[in-house]
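Order-wise, the sequence lines are chains D and S. Going by the numbering used here, the first sequence opens with residue 1, and the numbers climb by one from there. Going by the numbering used here, the second sequence opens with residue 1, and the numbers climb by one from there.
Keep in mind that the hints were calculated from the coordinates and are not lab data. Hints are not guaranteed to be accurate.
Any copy, or any two copies together, can satisfy a pair, since identical chains are not distinguished.
To be verified - With a cut-off of at most 30 Å between alpha-carbon atoms, the simulated BS3-like pairs for lysine-lysine come out as follows:
| id | residue 1 | residue 2 |
| --- | --- | --- |
| 1 | 22 | 196 |
| 2 | 22 | 81 |
| 3 | 154 | 78 |
| 4 | 2 | 78 |
| 5 | 22 | 154 |
2 protein chains.
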Amino acid sequence: MKRAIVLLSGGLDSTTTLALVKKQRYEIYALTVAYGQKHSIEINAARRVAQWYGVTRHVIINLDLGLLGGSALTDDIKVPKDALGRGIPVTYVPARNTILLGLAIGWAEVIEARDIYLGVNALDYSGYPDCRPEFIRQFQRLSNVGTKQGVENKEYFRIHAPLIDKTKAEIIQLGTAHGVDYSLTHSCYDPDVTGKPCGRCDSCLLRARGFAEAGVRDPLL
Amino acid sequence: MKRAIVLLSGGLDSTTTLALVKKQRYEIYALTVAYGQKHSIEINAARRVAQWYGVTRHVIINLDLGLLGGSALTDDIKVPKDALGRGIPVTYVPARNTILLGLAIGWAEVIEARDIYLGVNALDYSGYPDCRPEFIRQFQRLSNVGTKQGVENKEYFRIHAPLIDKTKAEIIQLGTAHGVDYSLTHSCYDPDVTGKPCGRCDSCLLRARGFAEAGVRDPLL
Chain D
1 MKRAIVLLSG GLDSTTTLAL VKKQRYEIYA LTVAYGQKHS IEINAARRVA QWYGVTRHVI
61 INLDLGLLGG SALTDDIKVP KDALGRGIPV TYVPARNTIL LGLAIGWAEV IEARDIYLGV
121 NALDYSGYPD CRPEFIRQFQ RLSNVGTKQG VENKEYFRIH APLIDKTKAE IIQLGTAHGV
181 DYSLTHSCYD PDVTGKPCGR CDSCLLRARG FAEAGVRDPL L
Chain S
1 MKRAIVLLSG GLDSTTTLAL VKKQRYEIYA LTVAYGQKHS IEINAARRVA QWYGVTRHVI
61 INLDLGLLGG SALTDDIKVP KDALGRGIPV TYVPARNTIL LGLAIGWAEV IEARDIYLGV
121 NALDYSGYPD CRPEFIRQFQ RLSNVGTKQG VENKEYFRIH APLIDKTKAE IIQLGTAHGV
181 DYSLTHSCYD PDVTGKPCGR CDSCLLRARG FAEAGVRDPL L
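For reference, chain D alone in the conformation it holds in the complex (with noise of 0.2 Å):
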C-alpha cells in the first residue's frame, strides 16, 4: 500500500485533511511538531486525532522555535483579541511550514512515501505567506531538488494541500460529511490552563465563524 504523510497539529484543518486521506489507499504517517507554542495542548489533540484514525505511526517531534522568537505563539508577545486585523499577524511563526515541511520530506525519504499532505487554508486564513498556493509549488519544485529521492526518481515528491482554496465553512461541510469528530480538536492560540479555548483570538474568531457559516454546531463549546 501506498504511504502518505500528513502533517497533523491536533487543529481543525489538519484533521479534516487527515480525514480526506483516510479515505484513499494509503498507510498514513501523522507527523506533529512540539514547536514550543503556547498552545502545547494541541499537541493532546493530534495524539486523540492520530489514534482515532488509527494511523501507521505518530511521529511527535521537539523542535524549540521559541529560541528563535519572532512570534505571539512561541514567544513573549500577547496574542491579539477580538478582530481579525488585516496583513500577517503576529501569531505568524517565521518559516513554519518551510521547517514543518522540510521535516516531512526527510521523513518521507525514508519510508518511501511520495505523499505529503497539509491543510493549509489560502481563504479564511490569518493572512500567513507560507499558507498560500505559491509557496506550495515552490516547496514541491524544491523538495524534488534537494532529496536524495527527489534527484534520483523524477517529480518524485507531491505535496498536497486539498483545502487550500475552501473557507473555514467549507472546510467543516467536508469535514463533517467525511464524519469528522470535531471535538478531538483544539484551536484556541490562548486557552486557559484547563485547555478551555479563549474564544477572542484570530483562531476562534475563524473557527466560529465557520461553524457558523456552515450551520454545525461547535462540539466544543
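Chain D is fixed; fit chain S onto it per the hints.
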C-alpha cells in the same frame, strides 16, 4: 550594522565560511542544530569556533532527526569506512539542509537579517543533493515566497554558499589565508569516546586529502 546568519556545524567548511563572513561588516548570528548526529562532539567544536570569532549570538537548537531515521549519522546504520563511494552515501541526512535553512530564515526574519551563509560545497563533497547550486537557488526563491519578510520586501533573502565551487584543498588554503585555526574544528562522522577522529570515514578521508593537496598540516593530527 547589517546582520548575517551563519549555519555553523563546527566542521571545516562552516568554520571557513564564518571566517570569510567575519572579514565583512556584519553582526554575526551563528546557528547550530544538534540534530541527533552521532558525532555530537561537533557541537562543542561549534561552540569553540563561535566563541573564537566573537559572534553576537550563538543559538544551538535541539532537533532529534534520529526519530525519522534513514541516515548513518543519526541511526543504527554503520558509517562506511575506507572508501569514498559513488552516488549518495548513507551518511546523507534526509532533507537536512532544507530543515537547517528553514530554521535560518525563520531566525533571520526575527532579527532582520537578509544574508544567510552556509558552508556547503559541490566539489569534493560527499554526493549530497542539498549541497548543489541548484538547491541553493531554489531555496532562495522559496524563502522569498514563504516568509513575511520575503513577501513584504522583494528579493529579501540572499542565501550565500561561498565555498560551493571550491575543492576541499582550496577551502583549506582560503581559510589558512584568513587565519583559520583548524584545530578548533571537527570533521569525523564516527569519533571515539574521547573525540578522536576515526581517520577512515568519508569526512576524515576528504579532510586528509584536502590538507594533503593544500600542502598544509592538519593541526588535529
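Each hint, compared with the structure:
no. : hint        : result
1   : 22 with 196 : within (28 Å within a copy, 49 Å between copies)
2   : 22 with 81  : neither (35 Å within a copy, 43 Å between copies)
3   : 154 with 78 : between (45 Å within a copy, 29 Å between copies)
4   : 2 with 78   : between (43 Å within a copy, 28 Å between copies)
5   : 22 with 154 : within (26 Å within a copy, 40 Å between copies)
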